[in-house]
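Following the hints, put chain B in place on chain A, whose structure we already have.
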Amino acid sequence: MLEIRSITKRFGGLTALLDVAFTVGRGELVALVGPNGAGKSTLFNIIAGAFPPTRGQIVFNGRDVTGLSSHDLARLGVARTFQQTTLFGEQTALENVLHGLHRHVPARVVAGLLATPAYGKEQREVARRALGVLELLGIAAYRDTVAADLPLGIQKLLTVAVALATEPVLLLLDEPAAGLSRDEATRMMNLVASEIRQRCTVVLVEHNMRIVAGWCDRALVLHFGQKIYDGAPEGLARDQGVVDAYLGVAELA
Amino acid sequence: MKRGLLGLLIAALVLLPPLGKPYVLHVVIVILINVVYAQALYVIMRMGYLSFGHAGYIALGGYTSALLVTKLAITPWIGFLAGGVVAGIFAWALGAVTLKLRGIYFSLSVFAFAEVVNAAFRAFEVFGGPAGIAGVPRPALLGTRLNTHLQFYYVVLAVALVSLFFLYQLQWTRFGFTLLALRTRETERLAESLGINAARYKTLAFVVSCFFCGLMGAVHVHYLRFVSPFVFTFFLSNDLMIYVMVGGLGSYWGPMLGTVLLTGLGEQLFAAGYYKSLVYAVVLLVVILALPGGLISLPRILRRGGARERVLPVAADVTAARER
Numbered sequence: 253m254l255e256i257r258s259i260t261k262r263f264g265g266l267t268a269l270l271d272v273a274f275t276v277g278r279g280e281l282v283a284l285v286g287p288n289g290a291g292k293s294t295l296f297n298i299i300a301g302a303f304p305p306t307r308g309q310i311v312f313n314g315r316d317v318t319g320l321s322s323h324d325l326a327r328l329g330v331a332r333t334f335q336q337t338t339l340f341g342e343q344t345a346l347e348n349v350l351h352g353l354h355r356h357v358p359a360r361v362v363a364g365l366l367a368t369p370a371y372g373k374e375q376r377e378v379a380r381r382a383l384g385v386l387e388l389l390g391i392a393a394y395r396d397t398v399a400a401d402l403p404l405g406i407q408k409l410l411t412v413a414v415a416l417a418t419e420p421v422l423l424l425l426d427e428p429a430a431g432l433s434r435d436e437a438t439r440m441m442n443l444v445a446s447e448i449r450q451r452c453t454v455v456l457v458e459h460n461m462r463i464v465a466g467w468c469d470r471a472l473v474l475h476f477g478q479k480i481y482d483g484a485p486e487g488l489a490r491d492q493g494v495v496d497a498y499l500g501v502a503e504l505a
Numbered sequence: 002m003k004r005g006l007l008g009l010l011i012a013a014l015v016l017l018p019p020l021g022k023p024y025v026l027h028v029v030i031v032i033l034i035n036v037v038y039a040q041a042l043y044v045i046m047r048m049g050y051l052s053f054g055h056a057g058y059i060a061l062g063g064y065t066s067a068l069l070v071t072k073l074a075i076t077p078w079i080g081f082l083a084g085g086v087v088a089g090i091f092a093w094a095l096g097a098v099t100l101k102l103r104g105i106y107f108s109l110s111v112f113a114f115a116e117v118v119n120a121a122f123r124a125f126e127v128f129g130g131p132a133g134i135a136g137v138p139r140p141a142l143l144g145t146r147l148n149t150h151l152q153f154y155y156v157v158l159a160v161a162l163v164s165l166f167f168l169y170q171l172q173w174t175r176f177g178f179t180l181l182a183l184r185t186r187e188t189e190r191l192a193e194s195l196g197i198n199a200a201r202y203k204t205l206a207f208v209v210s211c212f213f214c215g216l217m218g219a220v221h222v223h224y225l226r227f228v229s230p231f232v233f234t235f236f237l238s239n240d241l242m243i244y245v246m247v248g249g250l251g252s253y254w255g256p257m258l259g260t261v262l263l264t265g266l267g268e269q270l271f272a273a274g275y276y277k278s279l280v281y282a283v284v285l286l287v288v289i290l291a292l293p294g295g296l297i298s299l300p301r302i303l304r305r306g307g308a309r310e311r312v313l314p315v316a317a318d319v320t321a322a323r324e325r
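As given, the protein sequences belong to chains A and B, one line each in that order. With the first letter of the first sequence counted as 1, position 38 gets the number 290 in the numbering used here; the numbers rise by one all the way through. With the first letter of the second sequence counted as 1, position 10 gets the number 11 in the numbering used here; the numbers rise by one all the way through.
Isolated chain A, as found in the complex (with noise of 0.2 Å):
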């Protein structure tokens, strides 16, 4: 379903990606991993078109979608969350969420300046339809907190719940469990491992080894800009490349 064909990223001088190849199933739970610097954040940006990349393609759903813009991809259906939990932060969690129904909602200028009892009734449709976002990742009681106020694991949720929103085909979480307790962290991995990945394909970039091996179905491994592991998550540990690539191996175990 995405097809990374040999993606090489070059900022100046400094080559972030090279010859970057693998492919993602549709259904799958991929983990992308590896140490800081190893060029994963700008893989997942490439693939939601935040910028375009030197050379390569990407090949999603059987189409060529390299160099697309950040919406129109999400218009095709690929959505993604922020590492820096990005949000909507003056807006309340159920506004968070309506903007990510964006392209699900017709505009209805006419209508919506007239207020016609119409226009009304499809707007209230609408918010029902957010407020079973939140609800399917339970924190639909926040949904008239402003997000700058909620603690973190829940704003963490609320990014995903807007991803979401959009009804994606494929989900790129960036980090999803990043500054989360272990309870929160494990919380958040069943959401994904269960409800989310019922509903599309997800990749997600992720440091933790007992996230990737507790939840992913694959990992991969990226080290200074180039793919060093492609694999079950269980094989990881035995692999020399990535063994060395990591000095903390014994966390590997």
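A few of these clues could be false.
Claimed, not checked - Only some residues are given here: those of chain A computed to face chain B with a beta carbon under 8 Å:
1) Ala-300
2) Leu-320
3) Arg-355
4) Leu-365
In case anyone wonders, no lab produced these hints; they're calculated from the structure. None of these values were measured; they are calculated from a predicted model. Cβ atoms here follow ideal geometry from the backbone N, Cα and C, with glycine treated the same way.
For chain B alone, kept in the frame of chain A given last:
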């Protein structure tokens, strides 16, 4: 109750003016004009953009109508619309390029544009040069030229009410709601990732904002019967920003409150000349320091923190429905 108050206010605006003194009528006309300017400016301030040059678009609208009516003898009614359209076209062209900029860079680009506009009007004889264009006629209705203050007051009132209704309703549409998602560079990136074409929304918002400035600018010029490069200057752009900020950005009613209070006050201080700016500056300082949310946030603060201004009626509806 809010609806009732609003109806009462509109009824008063329609029925009471014939009883007032000409000077009072003048002040109300100026307030109505400024309210539309401020409310139009609020459209882009609501999405996190400050403009130090909206007077440039007001001038574009005013000159467009003045030129069409005096040189080509086109009816002022068409002139008004043309003023809005021309301002909107320039906004589209400039916005497509400059809305990528954030913060002071955008503000300065609009400021520079406004200066260029007035410089061009001053430099070229077709535009009347430094002397401007005099003898801009009032429009006629059913064969009567609307030459008295009172007659023209109703023109201003009609244009203002239609504009304000449009701008008010716009916030509750998907378009108006989406503008709130574009307040910072970070949220704009998030919005893009959700399938929102941020550049298109921002440009459209800027066009809407400048269209209404151009439209009211044209009406304004026909009220003054005169326009020159020294009418719609930086001082107007500056005053508009002060109106919006003193009133408060948190709600549609903030800019309106600020404009009504300060324009009213400004007209009282007219004889005092430059002291007007001094008074505005002091008011702005006091409000920014004591009430960062503007005067409109005062009731909410008094209600000890109170509820946040709603941005979407449906959200409240659903909440209420759930709690019932």
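Tell me the hint numbers this structure goes against, listed in increasing order.
2
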